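K.L.:
Chains A and B are the protein sequences, given in the same order.
The first sequence stops at residue 157 when you use this note's numbering, and every number in between is there.
The second sequence stops at residue 699 when you use this note's numbering, and every number in between is there.
No lab work stands behind these hints: they were computed from the structure.
Fair warning: this is a prediction, and the values are worked out from it, not measured in the lab.
C-beta: ideal position from N, C-alpha, C; glycine also.
All clues stand as given, with none of them false.
Taking CB as the label site, the calculated pair distances span: (1) GLN179(B) <-> LEU19(A): 42 to 48 Å; (2) ASP29(A) <-> GLN179(B): 24 to 30 Å; (3) GLN481(B) <-> ASN66(A): 48 to 54 Å; (4) VAL127(A) <-> PRO33(B): 41 to 47 Å; (5) ALA362(B) <-> LYS151(A): 42 to 48 Å.
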Amino acid sequence: MAKIEWMLNGTPISSDIDLSMRLLDYLRDHQHLKGPKEGCGEGECGACAVLIDHQIANSCLVPMANVAGHEVVTIEGFAKTKRYQIIQQAFIDCGAVQCGFCTPGMIIATESLLHHQPQPTISEIKVALSGNLCRCTGYNMIIEAITLAAKRGRGEW
Amino acid sequence: MKFQPDIGTPIPRVDAKEKISGAAAYINDIDMPGMLYAKTLRSKMAHGKIIKRHYPTLPEGYAIIDYRHIPGTNIVKAIYEDWQIFPVDEVRYIGEPILLVVGENKDVIIDILEAIEITYEEMEPQFEWIDSVIHYHYEKKHGSRPFADANRIIEHTYETGYQEQAYIEPQGMIGYLDQDKMTLIGSIQCPYYVKNAVLMALGWENERVRVIQAHVGGAFGGKEEYPSLIACQLAMAVIQVNKPVKLIFEREEDIIASTKRHPAQIAMKAAIDSEGHIMALKVHVGIDAGAVIGLSGVVLSRAMIAATGAYTIENLDVTGDVYRTHSVPTGAFRGFGAPQMMFAIEMFMEHIARNLGKEPLAYRMAYVAKQYDLTATSGTFRDPILMQKMIEEAMKRSRYEEKALQYQNLHRYQGIGMSFFLHGCGFTGSGEATTIKAKVRLRREASGVVHILIAAVDMGQGVRTAMRKLVAHMLEVPIDQVIYDLPDTDCVPDSGPTVASRTMMIVGGLVARAAQRLGMEPQIAVEIEETYHQPSEIQWDEARMQGDAYPAYSWGVNVVEVAVDPVTGEVSVVGAWSVYDVGKAIDTLMVRGQADGGLAQGIAYGYLEVMRHHQGKIQQRNLTDYIIPTAADMPPMETYLFDNPYAYGPYGAKGVGELTLVGGAPAIAKAIEMAIKRQITKIPVTPEMIMELMTHGED
Numbered sequence: 001m002a003k004i005e006w007m008l009n010g011t012p013i014s015s016d017i018d019l020s021m022r023l024l025d026y027l028r029d030h031q032h033l034k035g036p037k038e039g040c041g042e043g044e045c046g047a048c049a050v051l052i053d054h055q056i057a058n059s060c061l062v063p064m065a066n067v068a069g070h071e072v073v074t075i076e077g078f079a080k081t082k083r084y085q086i087i088q089q090a091f092i093d094c095g096a097v098q099c100g101f102c103t104p105g106m107i108i109a110t111e112s113l114l115h116h117q118p119q120p121t122i123s124e125i126k127v128a129l130s131g132n133l134c135r136c137t138g139y140n141m142i143i144e145a146i147t148l149a150a151k152r153g154r155g156e157w
Numbered sequence: 001m002k003f004q005p006d007i008g009t010p011i012p013r014v015d016a017k018e019k020i021s022g023a024a025a026y027i028n029d030i031d032m033p034g035m036l037y038a039k040t041l042r043s044k045m046a047h048g049k050i051i052k053r054h055y056p057t058l059p060e061g062y063a064i065i066d067y068r069h070i071p072g073t074n075i076v077k078a079i080y081e082d083w084q085i086f087p088v089d090e091v092r093y094i095g096e097p098i099l100l101v102v103g104e105n106k107d108v109i110i111d112i113l114e115a116i117e118i119t120y121e122e123m124e125p126q127f128e129w130i131d132s133v134i135h136y137h138y139e140k141k142h143g144s145r146p147f148a149d150a151n152r153i154i155e156h157t158y159e160t161g162y163q164e165q166a167y168i169e170p171q172g173m174i175g176y177l178d179q180d181k182m183t184l185i186g187s188i189q190c191p192y193y194v195k196n197a198v199l200m201a202l203g204w205e206n207e208r209v210r211v212i213q214a215h216v217g218g219a220f221g222g223k224e225e226y227p228s229l230i231a232c233q234l235a236m237a238v239i240q241v242n243k244p245v246k247l248i249f250e251r252e253e254d255i256i257a258s259t260k261r262h263p264a265q266i267a268m269k270a271a272i273d274s275e276g277h278i279m280a281l282k283v284h285v286g287i288d289a290g291a292v293i294g295l296s297g298v299v300l301s302r303a304m305i306a307a308t309g310a311y312t313i314e315n316l317d318v319t320g321d322v323y324r325t326h327s328v329p330t331g332a333f334r335g336f337g338a339p340q341m342m343f344a345i346e347m348f349m350e351h352i353a354r355n356l357g358k359e360p361l362a363y364r365m366a367y368v369a370k371q372y373d374l375t376a377t378s379g380t381f382r383d384p385i386l387m388q389k390m391i392e393e394a395m396k397r398s399r400y401e402e403k404a405l406q407y408q409n410l411h412r413y414q415g416i417g418m419s420f421f422l423h424g425c426g427f428t429g430s431g432e433a434t435t436i437k438a439k440v441r442l443r444r445e446a447s448g449v450v451h452i453l454i455a456a457v458d459m460g461q462g463v464r465t466a467m468r469k470l471v472a473h474m475l476e477v478p479i480d481q482v483i484y485d486l487p488d489t490d491c492v493p494d495s496g497p498t499v500a501s502r503t504m505m506i507v508g509g510l511v512a513r514a515a516q517r518l519g520m521e522p523q524i525a526v527e528i529e530e531t532y533h534q535p536s537e538i539q540w541d542e543a544r545m546q547g548d549a550y551p552a553y554s555w556g557v558n559v560v561e562v563a564v565d566p567v568t569g570e571v572s573v574v575g576a577w578s579v580y581d582v583g584k585a586i587d588t589l590m591v592r593g594q595a596d597g598g599l600a601q602g603i604a605y606g607y608l609e610v611m612r613h614h615q616g617k618i619q620q621r622n623l624t625d626y627i628i629p630t631a632a633d634m635p636p637m638e639t640y641l642f643d644n645p646y647a648y649g650p651y652g653a654k655g656v657g658e659l660t661l662v663g664g665a666p667a668i669a670k671a672i673e674m675a676i677k678r679q680i681t682k683i684p685v686t687p688e689m690i691m692e693l694m695t696h697g698e699d
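Whole structure, please, built from the sequences with the hints as guidance.
P.N.:
Below, the structure is given as structure tokens:
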């Protein structure tokens with residue numbers, strides 16, 4: 001157990017915690033943030049994705065020790081932004097949601113991409129999604145949604 | 001009458017916002033006060049006798065649940081009843097669940113699991129396909145007799161591998177006692193399958209078991225029969241500890257222990273006359289059930305009935321066997337036997353043409369089924385078949401002819417392949433009328449709000465949106481006046497399982513009929529019930545496999561274009577085009593979602609998804625080594641729909657979900673054949689296989 005200082009969804013927090021605990025477990029079990037999902041537990045599927053300092057990370061692979069001094073944003077925190085509203089609407093309009101289990105992770109991947117590259121090409125989108133598995137859609141409708149969000153949200157990122 | 005847009009015009013998915021925000025509760029997102037966790041101890045042996053079980057002394061609040069805790073029958077209710085809830089003294093596959101450890105702390109549970117010692121006496125495992133448990137046979141017209149007069153006989157054998165459903169949400173369930181009622185919430189496709197299985201395992205009366213669906217993070221058949229096993233085990237645990245218990249699979253145990261697509265070996269033989277026409281086909285389908293037969297007989301019959309794919313062949317002799325082995329059980333997976341057979345027949349038609357020196361496309365086109373032709377089982381294709389026009393459309397959209405000409409003549413390792421296929425909608429044979437007997441209800445409250453009461457599960461395909469849209473459209477009310485909660489067996493009648501591309505056509509058909517009656521009902525607060533009746537012209541002889549195996553068929557054409565790296569044998573999928581007749585799309589955007597996702601799974605089945613066992617041990621353990629497509633693997637996909645309304649479907653709708661998977665593998669295999677100019681008889685077509693074919697293969 002040790003004390004760490006970090007930011008979660010915009011709020012500074014100080015946690016007395018087992019440093020080897022997975023960030024995913026902390027978020028789901030201690031903070032009741034159920035948006036990040038566990039699909040594989042080994043960083044392959046991306047369902048547990050969160051933003052750490054604006055960069056996508058698989059929270060199942062991140063020990064609590066690594067979040068000390070950093071800012072973590074989950075889908076619940078990101079949902080309060082205007083950028084989320086733009087991405088959400090684009091996902092709905094393009095039919096990019098099916099079973100929904102990968103979706104919060106896909107939204108996080110979208111935000112991470114657009115933060116670094118506001119007007120991505122199709123191949124940049126494909127690379128950005130390569131760590132997020134979806135078994136329902138075949139990805140095209142997700143790629144279209146991201147393209148649409150980038151277009152509608154010009155100037156937001 | 002108010003202006004109504006066409007039913008197919010897309011609307012927003014009703015559950016999109018809660019799924020995007022992460023608020024939709026999947027099974028692992030649900031916690032209950034005092035809830036315990038369960039974890040499974042699995043067999044490490046493919047076949048063995050349990051000689052001794054050493055259980056450690058358990059800390060207070062922990063329990064071990066095994067076969068001795070089953071009050072009712074030690075069988076999971078499925079079609080063929082050979083599936084034990086827990087083994088008594090013999091294990092039959094690696095990964096077979098032997099017992100559960102239940103308690104509060106996951107680390108303590110792991111310690112207990114590690115302290116348990118099971119002593120086995122090893123028995124000889126059987127992996128060869130020799131133990132046939134189910135054998136079927138049917139003939140069409142003169143059966144195999146024309147072989148005696150054949151000018152030439154052409155034969156090839158086709159093989160297909162395992163495929164893992166790889167839903168992103170692993171299997172999971174929570175059980176608890178509500179007063180004296182066993183209640184199960186789960187990631188499931190078929191609430192009443194689970195209920196009926198638990199009733200049999202407990203031996204309790206009907207009212208004392210309740211099953212509720214949580215949001216389902218993908219299923220693809222993998223949550224059809226398998227969750228019944230988990231539910232039965234969990235129910236035993238709940239009785240013992242008298243607290244809520246949650247059981248969530250880790251990805252690795254899901255991959256090694258849950259049901260997969262049946263590997264198949266399909267031997268095809270054609271009798272050819274002096275002009276090169278097919279006089280008759282003789283087909284044998286063998287499928288590997290693994291250690292549990294379960295639904296395998298139905299999978300086999302769907303495969304056998306699809307023996308001629310989208311073609312009409314005059315004489316047929318079709319046999320099939322379900323083999324039992326000491327490997328992981330296989331079961332339901334989108335397509336249910338059809339993907340294996342569609343690969344075999346599509347490749348065989350191509351290979352016959354080439355063996356005869358004929359142009360394959362023209363040769364195949366001549367056999368494409370037409371309205372009023374007899375089906376493989378001597379039923380009748382009663383409805384119009386639009387395949388000729390659909391094939392033309394697919395060729396135009398993909399520029400098939402131009403590309404094929406170019407790729408055939410140049411050695412540039414590029415190829416384009418086209419598959420023709422169909423899928424029978426609804427249960428095979430008389431299943432809907434005799435086994436399922438679907439029942440639906442619509443209840444209108446005094447406020448005018450209408451509840452759709454059906455057991456159909458939204459596992460991503462969008463059925464909650466589609467059904468609400470259907471009812472709202474028919475009653476001309478806003479969609480928010482129509483409610484469709486996640487099914488709960490205490491609230492909804494048994495409208496059947498969410499399988500077999502039956503939900504919109506069969507259940508939706510009943511819902512539409514109920515809505516029509518509701519619309520004419522003068523009383524506001526009223527409940528309407530509809531029950532399935534087989535259209536009288538549909539006749540099926542189960543024993544002889546003769547007649548109309550399905551009430552209707554959906555049809556499709558897939559074109560896939562590839563480039564093959566001649567140095568590594570790696571395949572890039574460059575483009576994909578699809579044309580479908582699904583009767584009438586209830587929502588074109590959702591049908592496109594099925595089309596894209598189904599084709600991605602079908603293509604990947606053909607070239608990417610490798611799963612094998614060695615001495616019964618599955619070699620792939622997780623999503624790092626069982627590869628499913630990423631965004632980078634998938635090409636742009638174009639889908640075109642032809643309306644061809646079916647009389648009994650709502651607004652003419654037929655089945656969608658499985659159709660979109662079955663044509664992918666043969667389309668990509670044909671494209672790879674063109675690219676490497678070698679004959680392919682086996683999927684998945686891996687880079688290793690391509691390199692081997694390029695060195696030693698036949699043209």
